[in-house]
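So the sequences go chain by chain: P and S. In terms of my numbering, the first sequence is numbered consecutively and its last residue is 155. In terms of my numbering, the second sequence is numbered consecutively and its last residue is 149.
None of these hints come from the bench; they were simulated from the model. Any given hint could turn out to be false.
As the list claims (entries may be wrong) - Which residues of chain S face chain P? A few of them, derived with a C-beta cut under 7 Å, are:
| hint | residue |
| --- | --- |
| 1 | I18 |
| 2 | A25 |
| 3 | G29 |
| 4 | I42 |
| 5 | G54 |
| 6 | G70 |
| 7 | G82 |
| 8 | I89 |
| 9 | I96 |
| 10 | A100 |
| 11 | I134 |
Even glycine gets a Cβ: it sits at the ideal position worked out from N, Cα and C.
Chain by chain, the residues:
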Amino acid sequence: MDIDWAQVFSWMPLLKCFIVGGLICIVGQILIDKTKLTPARILVIFVTTGAILGGLGIYQYLVDFAGAGATVPLTGFGYNLAKGAIEGVKEMGIIGAFTGGVKAAAGGIAAAIFFGYLASLISKPKMKKQ
Amino acid sequence: MGTNKNPLETKEGYQNYVDQKSPNSPIWKNCFNAFWVGGLICTIGQIISNICKQRGFDIATSGTIVSIILIGIAAFLTGLNIFNKIGKFAGAGSLVPITGFANSIVSPAMEYKSEGYVMGVGGKMFTVAGPVLVFGISASILIGIIYMIFNTQSITLV
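Please work from the sequences and hints to get the whole structure.
Rendered as structure tokens:
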């Protein structure tokens, strides 16, 4: 299939994506530099915030505006989980609340586990500095 | 040989130069690096997503493909000790995108490789990713339930 490269690299959506994605990372950087939060807590905060904003329907506007600029950061992972849970509820009620979120994020979670394990296996242990 | 070197080519000279150029405000430099590296990772994701759309995938599937590719790349770069160097430079720029999630799985797993492939690698993978999944999935279930409660009362939350 032919790919319309002009469409793929149309600069306006890419610019929006770059700026929004970058700004979300700046928020993370400020949290790292100005608070004593560990990276693990920051990741948790981002995912939970994304899920809450997704549940309230606010994050959808950002996704419509910036595309991957909003979905690639971890807030987008949370948004994806929340959106999946809501869609699950619409389809099959209470069970959907449990299945929908993970179903929507299944690709990412499974890839992270699979590639994560594989990459750890092939990695060479770091030289310990004394 | 060392005497006729440009001051910028020695470690101390360069450090002085850097300190001069950025007096006491590394946060601006950190934020700038986080901004452009983070933005670049998202832009790569957008380009992959655009190609997927042209190939006829819907938005949800394109998003999944983007996540899988970025997570795969980040996991192997971490395994090869390259991601940590990017992380030192970019800070949140590589931590906040989904690449940081992959990195948070591989980093502890590598460290505890000597404890074996089941409890060492398999167990420590989730030192950071575990909490992320616990809070993310729990939040999504709560949101689904809240949505259902509000919806049965004919109040639209979303």
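Worksheet entry | Given hint S:A100 near chain P, where the shortest CB pair must fall under 7 Å | 4 Å, holds
Discussion item. Under 7 Å is the threshold here; is the Cβ of S:G29 close enough to any Cβ of chain P for the hint to stand?
Written reply: 3 Å, holds
Practice prompt. Closer than 7 Å between Cβ atoms is the bar; does S:G54 clear it against chain P? Give me holds or violated.
Written response: Check passed: Cβ of S:G54 comes within 6 Å of chain P, closer than 7 Å.
Discussion item. So, as I understand it, the hint says S:I89 touches chain P; can you test that by seeing if any CB pair is closer than 7 Å?
Written reply: This interface hint holds because 6 Å falls under the 7 Å limit.
Discussion item. Does the closest beta carbon of chain P sit nearer than 7 Å to the beta carbon of S:I18?
Written reply: 5 Å, holds
Discussion item. Holds or violated: the hint that S:G70 contacts chain P, with Cβ atoms closer than 7 Å.
Written reply: 4 Å, holds
Worksheet item: Given S:I42 as an interface hint, is the shortest Cβ-Cβ distance to chain P below 7 Å?
Response: OK, holds: S:I42 within 7 Å of chain P, min 6 Å.
Worksheet item: Holds or violated: S:I134 as interface residue toward chain P, Cβ cutoff 7 Å?
Response: 4 Å, holds
Worksheet entry | Minimum beta-carbon distance criterion (7 Å), S:I96 to chain P | 4 Å, holds
Practice prompt. Verify the interface restraint on S:G82: the C-beta must sit less than 7 Å from at least one C-beta of chain P.
Written response: 5 Å, holds
Discussion item. Hint S:A25 vs chain P: min CB-CB distance below 7 Å?
Written reply: Holds - the Cβ of S:A25 comes within 7 Å of chain P, reaching about 4 Å at its closest.
Checked against the numbered hints above, the structure breaks none of them.
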